[in-house]
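Q: Sequence:
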Amino acid sequence: MSFGGSRQLPRTLTKEEVRRLLRQAQVACELEEPPAPGELDRAFLALRNRALLDLLLATGIRIGEAASLHVDSLTLQDGSLKVKGKGRRARLAYVVDPRSLGLQEAYLGYRLQVDTDTSSLFLNVFGTSLSTQGMANALTALRRAAGIQRN
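One point on numbering: in the working numbering, the residue at position 2 of the sequence shown is 269, and numbering is uninterrupted.
A few of these clues could be false.
To be verified - Here are the computed lysine to any residue pairs in the SDA-like style, where the Cα-Cα straight-line distance is at most 20 angstroms: (1) 282 to 293; (2) 282 to 395; (3) 351 to 381; (4) 282 to 327; (5) 351 to 403; (6) 351 to 365; (7) 282 to 351; (8) 349 to 307; (9) 282 to 400; (10) 282 to 309; (11) 351 to 326; (12) 351 to 392; (13) 349 to 408; (14) 349 to 368; (15) 349 to 382; (16) 282 to 392; (17) 353 to 398; (18) 351 to 396; (19) 351 to 327; (20) 282 to 323; (21) 353 to 363; (22) 351 to 314; (23) 353 to 399; (24) 351 to 411; (25) 349 to 375; (26) 351 to 366; (27) 282 to 415; (28) 349 to 372.
The set of hints was computed from the structure by calculation and includes no laboratory data.
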């Protein structure tokens with residue numbers, strides 16, 4: 268029995284596309300421009316995007332789960348990440364790669380210096396919580412800059 272039309276699974280990235288995406292995120296971190304008044308500087312945003320991409324790839328969490336993370340969700344000592352998933356169910360994810368953990372530590376150190384009223388781990392350009400759409404937009408910009416096409 269069929270309920271509605273056929274549903275196509277999303278296309279996954281190849282290993283080479285993942286490498287290009289990570290390389291693009293690293294290159295973007297190395298570029299520096301002065302910040303606009305009232306906005307977080309581009310270096311912070313580039314590091315945020317790199318940390319977000321790395322966290323998604325390292326742990327397999329969803330964008331919606333990443334959007335719900337707070338600064339106290341990540342425990343650097345053991346690399347554990349408290350994730351709230353669908354139905355408000357909590358689970359643990361782990362960052363086990365030392366490079367990934369180092370990147371998260373660098374981002375968290377920078378993030379804790381931002382003067383903001385929110386405890387969200389990932390912030391938008393105005394210092395408030397980065398939404399799932401904002402995350403999707405940041406990842407799309409990285410994908411395009413890396414020359415990865417969607418079919």
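Q: Run every hint past the structure and note whether it holds.
A: Evaluated hints:
A threshold of 20 angstroms between alpha carbons decides the hint, and for residue 282 with residue 293 the separation of about 17 angstroms falls inside it, so the pair holds. With a C-alpha separation of about 33 angstroms, the suggested pair residue 282 and residue 395 falls outside the 20 angstroms cut-off, and the hint is violated. For the proposed pair residue 351 and residue 381, the alpha carbon gap of about 24 angstroms is over 20 angstroms, so the pair is violated. Using a Cα cut-off of 20 angstroms, the hinted pair residue 282 and residue 327 holds, with the two alpha carbons roughly 15 angstroms apart.
For the given pair, residue 351 sits about 18 angstroms from residue 403 by alpha-carbon distance, which is consistent with the 20 angstroms threshold. Taking the CA atoms of residue 351 and residue 365, the gap is near 24 angstroms; set against the 20 angstroms cutoff, the hint is violated. For the hint linking residue 282 to residue 351, the alpha-carbon distance of about 28 angstroms lies beyond 20 angstroms, and the restraint is violated. Taking the CA atoms of residue 349 and residue 307, the gap is near 26 angstroms; set against the 20 angstroms cutoff, the hint is violated.
A threshold of 20 angstroms between alpha carbons decides the hint, and for residue 282 with residue 400 the separation of about 25 angstroms lies outside it, so the pair is violated. Between residue 282 and residue 309 the CA atoms are separated by roughly 28 angstroms; this puts the pair beyond 20 angstroms, and the hint is violated. At most 20 angstroms may separate the alpha-carbon atoms for a hinted pair to count; residue 351 and residue 326 meet this at roughly 13 angstroms. Between residue 351 and residue 392 the alpha-carbon distance is near 24 angstroms, which puts this suggested pair outside the 20 angstroms criterion.
The hinted pair formed by residue 349 and residue 408 fails the criterion: a straight-line CA distance of about 27 angstroms is larger than 20 angstroms. A threshold of 20 angstroms between alpha carbons decides the hint, and for residue 349 with residue 368 the separation of about 15 angstroms falls inside it, so the pair holds. For the given pair, residue 349 sits about 23 angstroms from residue 382 by alpha-carbon distance, which is inconsistent with the 20 angstroms threshold. Between residue 282 and residue 392 the alpha-carbon distance is near 30 angstroms, which puts this suggested pair outside the 20 angstroms criterion.
With a CA separation close to 16 angstroms, the supplied pair residue 353 and residue 398 stays within the 20 angstroms bound. Simply put, residue 351 and residue 396 have alpha-carbon atoms about 16 angstroms apart, close enough for the 20 angstroms limit, and the pair holds. Our distance criterion of 20 angstroms between C-alpha atoms is met by residue 351 and residue 327, whose separation comes to about 13 angstroms. With a C-alpha separation of about 15 angstroms, the suggested pairing of residue 282 with residue 323 holds against the 20 angstroms cut-off.
Restraint check for residue 353 and residue 363: the C-alpha separation of about 24 angstroms exceeds 20 angstroms, so the hint is violated. Straight-line distance between C-alpha atoms of residue 351 and residue 314 comes to about 23 angstroms, which puts the hinted pair past the 20 angstroms bound. The suggested pairing of residue 353 with residue 399 holds, with an alpha-carbon distance near 14 angstroms, which does not exceed 20 angstroms. Taking the CA atoms of residue 351 and residue 411, the gap is near 29 angstroms; set against the 20 angstroms cutoff, the hint is violated.
Only pairs whose Cα atoms come within 20 angstroms are accepted, and residue 349 paired with residue 375 is accepted, the gap being roughly 15 angstroms. Distance check on the hinted pair: residue 351 and residue 366 sit about 24 angstroms apart at the alpha-carbon level, beyond 20 angstroms; violated. For the hint pairing residue 282 with residue 415, the CA-to-CA distance comes to about 12 angstroms; that is within 20 angstroms, so the pair holds. Straight-line distance between C-alpha atoms of residue 349 and residue 372 comes to about 16 angstroms, which keeps the hinted pair within the 20 angstroms bound.
Hints 2, 3, 6, 7, 8, 9, 10, 12, 13, 15, 16, 21, 22, 24 and 26 from the list above are not met by this structure, while the remaining hints are.
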